[in-house]
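Can you make the complete structure from the sequences, with help from the hints?
One letter stands for each residue in the lines below.
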Amino acid sequence: MSLVFGQVEPAVFQAYAFWAAVLALKMLVMSILTGLQRGSKKVFSNPEDVKPGGTVAYNDPDVERVRRAHRNDMENILPYFIVGFLYMFTSPSVFVATNLFRLVAAVRISHTVFHVLVPVHKFRGLSWAVGFFTTAFMAVRIVLHFL
Amino acid sequence: MSLVFGQVEPAVFQAYAFWAAVLALKMLVMSILTGLQRGSKKVFSNPEDVKPGGTVAYNDPDVERVRRAHRNDMENILPYFIVGFLYMFTSPSVFVATNLFRLVAAVRISHTVFHVLVPVHKFRGLSWAVGFFTTAFMAVRIVLHFL
Amino acid sequence: MSLVFGQVEPAVFQAYAFWAAVLALKMLVMSILTGLQRGSKKVFSNPEDVKPGGTVAYNDPDVERVRRAHRNDMENILPYFIVGFLYMFTSPSVFVATNLFRLVAAVRISHTVFHVLVPVHKFRGLSWAVGFFTTAFMAVRIVLHFL
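Protein chains in written order, with numbering that gives the first Met the number 0: chain L, 0 to 146; chain Z, 0 to 146; chain R, 0 to 146.
In short, the hints are calculated from the structure, not lab data.
Heads up, some of the hints might be wrong.
[To be verified] Label pairs and their in silico Cβ distance ranges:
(1) Z:V93 / L:S39: 18 to 24 Å
(2) R:G34 / Z:Y57: 37 to 43 Å
(3) L:Y57 / R:G34: 39 to 45 Å
(4) L:L116 / Z:Y57: 35 to 41 Å
[Stated by the list, open to error] In silico lysine-lysine, DSSO-like type, Cα no more than 30 Å apart, as pairs:
(5) Z:K50 / Z:K121
(6) R:K50 / L:K50
(7) L:K25 / R:K121
(8) R:K121 / Z:K121
(9) L:K121 / Z:K121
(10) Z:K121 / R:K50
(11) R:K40 / Z:K121
(12) L:K41 / R:K50
(13) L:K41 / L:K25
(14) L:K41 / Z:K25
(15) R:K41 / Z:K121
(16) L:K40 / Z:K50
(17) L:K25 / R:K25
(18) R:K40 / R:K25
(19) L:K50 / R:K40
(20) Z:K25 / L:K25
(21) Z:K121 / L:K41
Cβ atoms here follow ideal geometry from the backbone N, Cα and C, with glycine treated the same way.
Take a look at the structure:
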């Protein structure tokens with residue numbers, strides 16, 4: 000048996016897989032950050048989770064900031080996973096493809112840094128925009144390739 | 000090296016890749032719509048984002064409507080991406096597979112139209128249901144094929 | 000045409016596809032559970048959805064509990080889909096890979112059971128942790144393999 004829908008350069012697949020796994024780990028870290036904030040602020044989302052001295056609340060600014068960053072990852076990184084995967088089948092140059100995969104990983108990490116760790120609106124916005132338009136570029140390439 | 004887990008018809012992969020990229024672009028547009036609503040209603044989610052005359056709020060009906068539509072996309076389109084991909088390996092007929100991919104893309108676009116642009120409960124519900132049960136159908140086919 | 004980026008054992012792909020489809024179906028069920036709760040509590044999220052005797056609200060504890068479980072699925076299962084897929088290309092042993100796929104599916108189902116059906120903090124936390132660290136383990140293997 001062999002898959003018959005196209006060619007992918009091993010170097011391109013290597014870069015995609017490596018940076019996709021890095022981004023998945025980055026997303027998993029968001030759950031840890033949420034848990035740390037919940038523990039330190041003693042703010043929980045289910046009655047059965049509440050620790051002594053804690054409370055159920057959905058408006059703690061620090062907890063909600065991490066959750067917004069996490070949701071932003073879901074809105075942007077999860078579609079990127081399939082877009083980046085399919086983009087490999089559009090015969091991109093190895094140089095362009097590998098660097099776009101690196102770029103998306105870098106700006107999605109910096110997005111979290113500038114949203115949660117050191118909130119800076121300008122840099123967070125720039126990080127988001129670079130990831131957004133890189134993903135859009137890849138998606139448009141897929142649409143044109145498979146038209 | 001070759002991937003050895005099954006056969007995919009090029010026409011099926013072409014349809015999957017094309018419509019998956021269209022749906023990814025559709026999802027990206029939700030972020031733009033959210034940003035436009037935030038700008039026009041001057042309602043922001045982080046203190047550092049607030050523009051002159053604006054405020055931080057999480058209950059603006061227009062902003063939240065777009066965000067609900069966006070979350071609905073995440074709940075439905077993101078699982079569909081992997082389900083549609085794996086469905087290709089169940090030896091579906093080219094006619095059925097390509098048309099199911101088109102159908103899911105069409106109803107997920109109409110879902111957003113009837114949720115955000117022209118709110119009509121009945122048509123939005125129908126769009127959601129067609130996408131939902133088509134995805135469920137594909138997932139059941141995968142389960143039966145790889146049992 | 001053939002895909003040229005690596006070998007995947009048919010038994011590993013079979014296990015991945017089967018359990019990924021099961022998990023996708025499990026996620027789809029969350030939408031049904033949300034709808035059932037909305038109907039029984041008569042609590043809706045859009046003005047145009049409200050049935051006679053119902054209201055728009057975003058703080059019903061039963062509805063919001065299902066929605067939190069659904070979001071937790073999106074945070075954990077959706078990244079797992081790509082991580083599990085790429086993990087297949089790291090030449091894992093058939094025994095380890097197939098059992099990890101089964102494990103993730105089992106604990107993500109038990110997570111929902113202990114969050115929504117029979118809320119038990121301890122068992123829900125354990126289910127979450129096993130799925131989380133299994134996904135992290137696979138992601139680290141991918142990073143090391145494609146370094």
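Practice task
Starting from L:K40, check that the Cα of Z:K50 is at most 30 Å away, please.
Solution key: The hint holds at about 28 Å.
Handout entry: Given pair status - Z:K25, L:K41, alpha carbons within 30 Å
Key = 38 Å, violated
Exercise for the section: With a cut-off of 30 Å on the C-alpha distance, tell me whether R:K40 and R:K25 pass. Expected result: 23 Å, holds
Problem - Proposed proximity, Z:K121 with R:K40 (alpha carbon, max 30 Å) - result: 20 Å, holds
Exercise for the section: Would you check the hint for L:K25 and R:K121, treating anything up to 30 Å between C-alpha atoms as holding? Expected result: At roughly 25 Å apart (the allowed maximum being 30 Å), R:K121 and L:K25 satisfy the hint.
Practice task
For the pair supplied as a hint, R:K121 and Z:K121, confirm whether the alpha-carbon distance does not exceed 30 Å.
Solution key: Answer violated: R:K121 to Z:K121 is near 41 Å, above 30 Å.
Problem - Pair hint outcome, Z:K121 versus R:K50 [Cα-Cα no greater than 30 Å] - result: 12 Å, holds
Handout entry: Given hint L:K41 paired with Z:K121 - CA-CA distance at most 30 Å
Key = Given that 30 Å is the threshold and the Cα spacing comes to 42 Å, the pair is violated.
Practice task
Measure nothing beyond the straight line between the CA atoms of R:K50 and L:K50; if it is 30 Å or shorter, mark the hint as holding.
Solution key: 38 Å, violated
Exercise for the section: Take the C-alpha atoms of L:K50 and R:K40, compute the straight-line distance between them, and say whether it is at most 30 Å. Expected result: Holds: L:K50 and R:K40 sit about 28 Å apart, inside 30 Å.
Exercise for the section: Evaluate the given range 39 to 45 Å for the C-beta pair formed by L:Y57 and R:G34. Expected result: 22 Å, violated
Problem - Given hint Z:K121 paired with R:K41 - CA-CA distance at most 30 Å - result: Between R:K41 and Z:K121 the Cα gap is close to 17 Å, so the pair holds against 30 Å.
When held up to the earlier numbered hints, the structure conflicts with 1, 2, 3, 4, 5, 6, 8, 9, 12, 14 and 21 and fits the remainder.
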